[in-house]
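Chain P is fixed; fit chain U onto it per the hints.
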Amino acid sequence: MRREILPFLFAGTTLMAQTIDRTKPPETPPVPSFKMPPVHETRLPNGLAIVLVEDVRFPLVSMRLSFQAGNKFDPQDLPGLAGMVAGLVTQGTTTRSYRDLAEELTSIGATLDGHASPDVFTIGGSVLSENTAKLLDLLADVALNANFPENEVQLRKQNAKQTLAAQRSQPAFLANEKFDALVFGSHPYSFFSATTESLDRMDRNSIVEFRDAFLVPNNAVLLLVGQLPPQAETLQLVRDRFGSWKKGTLPAEPAKKFPESKRRLVLVDRAGSVQADIHIGRLAATRTDPDYYPLVVGNAILGGGASSRLFLDVREKKGLAYDAHSELDRRRDAGVFTAVTQVRNEEVGPGVEAVLDNLSQMAKAPVAASELTDVKNYISGGFLISLETQASLTDQIDLVKTMGLPDDYLEMFTSRVRSVEPDQIQAAARKYMDPSQATIVVVGDAAQIEKSLEKFGPVQVEKAK
Amino acid sequence: MKFAFLLLILFCAVVQAAPTVIPIEKYTLKNGMRVILSQDNAVPVITLYMIYDVGARVEEKGRTGFAHLFEHMMFEGSANVPKGMHFKLVESNGGTLNGSTHPDYTDYFEVLPSNKLAVGLWLESDRMRSLAITKENLDNQKEAVKQERRLSFDNRPYATAIVDHWPQLAFQNWQNSHSLIGSFEDLNASSVEDVARFFRTYYAPDNAVLVIVGDIRIPETKKLIEQYFGDIPSQPKPAKPDLSEPANIAPRSEVYHDAHARVPGVIIGYPGPIRRSPDYYALAMLDVLFTGGPSSRFQLNLVKGKESLIQYQAEMGWPFASSSDYKDPGDYAMFLLFKPNFTPQQIVDQVQEEIAKIQKDGVDAKELDRARTLLRSEQIISLQSSLHRAQLLGRYEIFDGKPELINTNLENFLTVTPAEIQGAAKKYLTPERRTVLQILPAPAPAAQENH
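These protein sequence lines map, in sequence, to chains P and U. Taken in order, the first sequence gives residues 1 to 465; the numbers are from our numbering. Taken in order, the second sequence gives residues 466 to 916; the numbers are from our numbering.
Chain P with its partners taken away, still in its complex shape (with noise of 0.2 Å):
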């Protein structure tokens, strides 16, 4: 593997100290920001947007071809539909079997599997790069030719129904279940995940109409990273193997309609559980919105890594806690904040309390210098470590291609950290971590907890499905 100095990343220098002071931490130069290398796009006459990078430091090539097509296009009685054609793409098309598709793949070093996001379905993979034009036959394969084998659906299925129960032995998928149904509504990003009922009514028919309508040319982009081919030969591969892949008619998107926050608290009945999963939050800023810088400073300052404020309250102060954090779910419509517990049955009182006290303070005062600084740092430091790979890499240049996001959006994004003001964290924090707008979900055992919660409104207990 020869590895050369990547031309788009600063090269770092090593801190040269002369004489050692134990006593306080090394000083040392801020975090360099990511240089985004260069991208070459175009598109076919079908539709086909093309991304072309070039990443020369591993003798690999990743592959994503993504469509406008996840879960929030099922249809509403078919939650899950995008996720089952996503996992049976890869099972067998007009001319190749699974062990076919399987033998070849693994012949030629590459993997290649289906996945769709609530936003978007991808096929993707990667494949030692003397093998790229292999690959992209056997991705131009699937993506145009897949056949869905009955037997391969009807598996599929059996086995999606078996998943889906062992997942509902997690506390963690019951509450994010619920959080999700409470904060989008009637809007599809409610749908978390497929259900018995809806795995029963899915066939290969509405398999086959859901590829029709979505995977054409004019709704996808492919972009190839790593080891490329000359670029006028990547396109030619290219070209042979997508150019014939008709055009089709986009069908129209969901409404961008979603519920008023308030507060609610449910309780979802898991008996025999020994510990409380608590869930709180709202809908928050997209990527796109004004807020959101201000809003990923403040989500890490109150629950991101082990130097948050959740973390030094709820587990390292007053030791409820093994995990305490909060996060931020960024779709392509909508965005969610949600802080995250678990604490054992007895301290669900204290624990939903201390969350609470936590949210309030972000808006009440203003994060001290010092504090903001060091949390500018974790974040860049993290994106900067999050591009080591070329999978990552890839990863992030396909979410600025189908996400809408500006073409700066990663090489500003360590910048646009840095400029954010206090006053605007606040802000922030006032419209999108208010208690009296939070939805509470807590998943745990009703007959241990459900008093401890009474003091927090009137609580809605349902029982775990």
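Keep in mind that the hints are not guaranteed to be accurate.
[Stated by the list, open to error] DEER-style ranges, computed between Cβ atoms:
id	chain 1	residue 1	chain 2	residue 2	range
1	U	K822	P	Q236	56 to 62 Å
2	P	K35	U	V720	56 to 62 Å
3	U	P488	P	N205	56 to 62 Å
4	U	R727	P	P366	43 to 49 Å
5	P	T23	U	A712	53 to 59 Å
6	U	R665	P	P290	53 to 59 Å
7	P	K35	U	S699	20 to 26 Å
8	P	Q460	U	R727	20 to 26 Å
9	U	R665	P	P366	42 to 48 Å
10	P	I20	U	A661	24 to 30 Å
11	P	I20	U	A597	19 to 25 Å
12	U	Q637	P	I20	49 to 55 Å
Just so you know, these hints were derived from the structure itself, not from any lab. Note that the structure is predicted; figures quoted are calculated from it, not measured. The C-beta atom is built at its ideal place from N, Cα and C for all residues, glycine as well.
Relative to chain P, chain U alone:
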């Protein structure tokens, strides 16, 4: 802070060597601390990886879970690093960090922007030199570990069966069979004196390896390491516990009723060979044929074919290790989730039938070629990460004294012959040597019986 534990990895990565050469500079400080440097200036990131030659298998009776509890204490501060500052200093310098406890070693890492190397060295050297061992810190971390146990084990399906029950069934020597996460009773019994003794005995520079991988300059880095670690005193080499298992192996089988599980599972294991012996490489290749990639035999014959399995994972040393940190005595073991219209015995029989095919018919040359390509590409993918490179270098040093295996060991897997695979299957994977733990969904009230 996580207990090393592989529950959802469906794919075994037998990843060892580099496609071309990963540079290695190895030397030893005067106090006996081994240092491995690997320069790679492609990305402005470094991994600082500290691995100590002590794991949960050295624990004493009445102190189950102690190695892991101690690992938590390593984040509680030292002479110049106040409590809570370890996390804060790494994160406020843009880095990530963690520590994990394994049967045969304990490791700590910081991944940092490369111009922050000195911060990592300062933190790691200060806690090796002067850990803050106080009752307050210990009590606080006992609670954190208990909460970790509730979250990661007691409230999750399969986890208690895997971490507490499987080792008891798979091993006879207490050093190998006891719970590595530990009981609440034993955690409560641990004292400040226990912590101090453990620190003195095992956390000495001559019982540790420091690995730095990434965007460094060798001369400056060596100088910094000498300044931070050079004068930490060495300690007498600790005694190694007797891990030997009795030679007589009998088949064993048990049933565990899991109140949180909704889907039945089964663990199947066979006592494995000596680390890096010819049989070890042969069994590791056999595992790739069984469970590696989309065209593996388990995928084609059991998930498809018989339509019995839903998910599978298998490793040399499962569940706490994989082939790179497998240490004998250990099992080649697998964890299978299956459809409830099959019985656990049917699943065990199907697996044994797959083994019997290898024992009888051997391995197809094309199939073996595919497995080799899979290993090669998996390795390129995994070596992109500086953390992964550092882990491999450190583990090859601790286990084998040969960090250069990162460059050479792949060849040992790729040159395994069909006859060697068939021979290993016949020698190791027989019903007479098999251990089976069935994990069956139980109604919630039964949960109490298991604790």
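Okay, the hints, checked on the actual structure:
no., hint, result
1, K822/U x Q236/P: 56 to 62 Å, "violated, 44 Å"
2, K35/P x V720/U: 56 to 62 Å, "holds, 58 Å"
3, P488/U x N205/P: 56 to 62 Å, "holds, 57 Å"
4, R727/U x P366/P: 43 to 49 Å, "holds, 48 Å"
5, T23/P x A712/U: 53 to 59 Å, "holds, 56 Å"
6, R665/U x P290/P: 53 to 59 Å, "holds, 56 Å"
7, K35/P x S699/U: 20 to 26 Å, "violated, 44 Å"
8, Q460/P x R727/U: 20 to 26 Å, "holds, 25 Å"
9, R665/U x P366/P: 42 to 48 Å, "holds, 46 Å"
10, I20/P x A661/U: 24 to 30 Å, "holds, 26 Å"
11, I20/P x A597/U: 19 to 25 Å, "holds, 20 Å"
12, Q637/U x I20/P: 49 to 55 Å, "holds, 50 Å"
The structure shown violates the earlier hints numbered 1 and 7.
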